[in-house]
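Asks: Each chain is listed here by its residues.
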Amino acid sequence: MSEFITVALAGNPNAGKTTLFNHLTGARQHVGNYPGITVDHKEGYFSRKGQNIRITDLPGTYSLTAYSVEELVARDYLVNEQPQVVINIVDASNLERNLYLTCQFMELGVPMVIALNMMDVARDRGISINLEKLEQQLGVSIVPIVARTGEGTDRLIDKTVEIAARDEKWKPLSISYGEDLDESILELVATIETKNFLTEQYPPRFIATKYLEDDEQIIAKGDEVNREVSDSLKEIAGVVSDHLNKTMDVYPEAIIADHRYGFIKSIIRQDVITHKFDTDRLYTSDKIDKVVTNRLLGPIIMGVILLGLYQFTFSWSEIPVRWLESFFGLLGDGINALLPDGMLKSMIISGVIDGVGGVLGFVPLILFMFFGIAILEDSGYLARVAFMMDRIFRIFGLHGSSVMPFIVSGGVAGGCAVPGVMATRTLRSPKERMATLLTVPFMNCGAKLPVLALLIGTFFNEHKALYMFLFTVLAWIVALVAAKVLRMTVLRGAPTPFVMELPPYRLPTFRGLIIHTWERTWQYIKKAGTVILGISILLWAMMTFPTLSQERQQQFDQQRDTLTASYSSQVVQEAQQDAEKLSAEAERLKNELETIDRHQDEESLRNSYAGKIGTSLEDISSLAGFDWRTNISLIGGFAAKEVIISTMGTAYSMGITDVEEADSLGKRLQHSENWNKVVALAAMVFIMFYAPCFVTIVCIAKESSWKWAVFSMISNTIFAFTFAVVVYQVGTLLHLA
Amino acid sequence: MKLKKFHKHCSYFTENLKKHCMRDHHCDEEVVPLSRQSKCGRFKVCKIHGDRKHCARMASLGLLPGEEMEIICPENGSLCVVKVRGGSITLDNDTSDKIFITATE
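So the protein sequences, as listed, match chains E and G. Under our numbering, the residue at position 680 of the first sequence is numbered 680, and the numbers go up by one with no gaps. Under our numbering, the residue at position 35 of the second sequence is numbered 772, and the numbers go up by one with no gaps.
Derived by calculation from the structure, the hints in this document are not laboratory data. Not one of these hints is a red herring.
Distance ranges between label pairs, derived from CB positions:
no., chain 1, residue 1, chain 2, residue 2, range
1, G, 789, E, 266, 26 to 32 Å
2, G, 776, E, 312, 34 to 40 Å
3, E, 243, G, 776, 35 to 41 Å
4, G, 789, E, 322, 56 to 62 Å
5, G, 789, E, 619, 55 to 61 Å
6, E, 265, G, 776, 26 to 32 Å
7, G, 776, E, 299, 18 to 24 Å
8, G, 776, E, 303, 23 to 29 Å
9, G, 776, E, 322, 50 to 56 Å
10, G, 789, E, 226, 21 to 27 Å
11, E, 228, G, 789, 23 to 29 Å
12, G, 776, E, 228, 53 to 59 Å
Beta carbons are placed, not taken as given, at the ideal position from N, Cα and C, and that holds for glycine.
Using the sequences and the hints given, assemble the complete structure.
Replies: See below:
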């Protein structure tokens, strides 16, 4: 026996594949991408009775024909990787629909074991299944399980190991598709076998069926391998297709689908299933849907649930966020005390701890938000949200499934565009996905919030809540209008039909919630942590180098010396001590020394590369009312929006760079001649809509391409600047400042 | 001979076609697009229009002529929810416009 048994987990969406996968592998799993596409590739390892098993969770599919990316991925994996066993997870409470895919696995001939999941739900619904008879009729081993509780999974794995040990050849099943199609299949199979056409990869009958179903991928493969044979197969398929179309107004795939369902029915009808209750009755899930998806009640319920999600996220994450802040504060203090003054200390504290700490400080918030979203997702409610929002999103050229990326990115204020961009994976249409991916960064993420809170608190203190609400609404309007513009120009194309199966409502398992939450949070930590570290150090360097000339530094030292010399040694000593209560003279000396420090800091910053860039941009940025110091902060915001406040703090020589102490920065801005209400408004619209932070850009590039990432950076900045200029110029013209 | 035996238990589709669809005289009075049906309840699929890929996708979801379905949430200008072969499926306006249904007998 090989070192690992390779097993694939396949089945319909919502059949419980991921629950079983999580149960079997726990944390020993790896999430990646299938090459070239953004469909998750989940692989995990576990062992049973000394046998190591490698299991792959394939995407949920309804068929093995190339109707969607998931179906292609699942089929390609089975054919190319040839796993030793396929565990086909089947929902026992919805047997007929689930066996449709089973039927196709059998036609492909893969070695298979059926995991008949949700036996408990089936029992509750009064459905009893004669397992022996079903096993006998299908000719496939069946193990009843309840993936949520783990019931029956040991037996399932034992059976899997047993099937793998048999090492049998693939045995494709033949199903009749009616006289017309069967005759064509015989003809097609004869040609395929004679010419050995694609037979190394697929069973001949499977290839014949795919030619009849007009499967684009198999036909393209066939054209590539042997154009002549492929053309003759297409001709045979075309003849029967035309005939069926003329006589019955249908295509072969409809007949094939119906015969597959017919095959399943013929098995089920042989006393395999008995229903205790009326089969026509609606289940609890359907009854809930009648209320939850109701035209009037649905949106109200959705509003309450989403509000609850944000309440939960922000109120529960507050304490751990504070703990993390204190932790990074302590870490900074510790390093401050341990290391001697110098560049290394400055880089570690200002570059590494402030930068990375600023981002990692959001982890509890992200964790709680993903936990809330996992509850909505695993309970089945998220699919209903997509269903209800599709009505509005469609107007703007988006899809109902775009709603979650928007909410995750900060649709209700808070959130983060990084997981938001990643959440666009649920969208199937490439153009709708791109439009969503490019517009989610317009939402007010958790990093923009402190900046907005600072500027609103400083300049519009009397209507704080109203302005915050207005800026949230503005973010939505801009994002949706931008999506519409994109869909009418560079991403023009027909909307994708909103056809999806609504999963039944289920009680999520705690284990599943934890795994889902951690999976996503870890991706955030990994991506944010690594990129931010580099950028923070770079920014620190840009704001530090070149340092002031020796001569200029000496001049500042001289100013300090002259000042301290004018006070008695007792006062100087008192001012140098960090005492809480100082004498009036010591207090004055301390303040005067701090003023010199501030001037030195300000001059150092203006002399640095960042300062030079900020100053050189002043000619253009002044159109929107931004001075060189604001420019530096905004450049810093390219790395992470959190950096804006800390950079502004340094740039305005405050010495205080903590978000918590932003009040004093607010006062400084209030007294600054370069700041007023109009400038604040212009700055806020610019911050809200300019280039996404670097981590988001990297994510956009990973999820699409660098071309789109650069497009997002440039177009957003141009739009934001134009908007800010309009706000500033109109505001100034109307004397609103 | 072998082929005949093979066909023996596989005539669902043709049976459905003969019984319920394609024959306009059989259902023309009651047939309406699913998008126009504003009431919940059980209905039968008569015909599915649209391009080949679309029809195939519907077929794989179990939406085939002759199949019975239950409307859980009727179309309200955008989407509807129907229950087919045990699963609840959402269909947008364009899709439900192309599905023609009739009341069950």
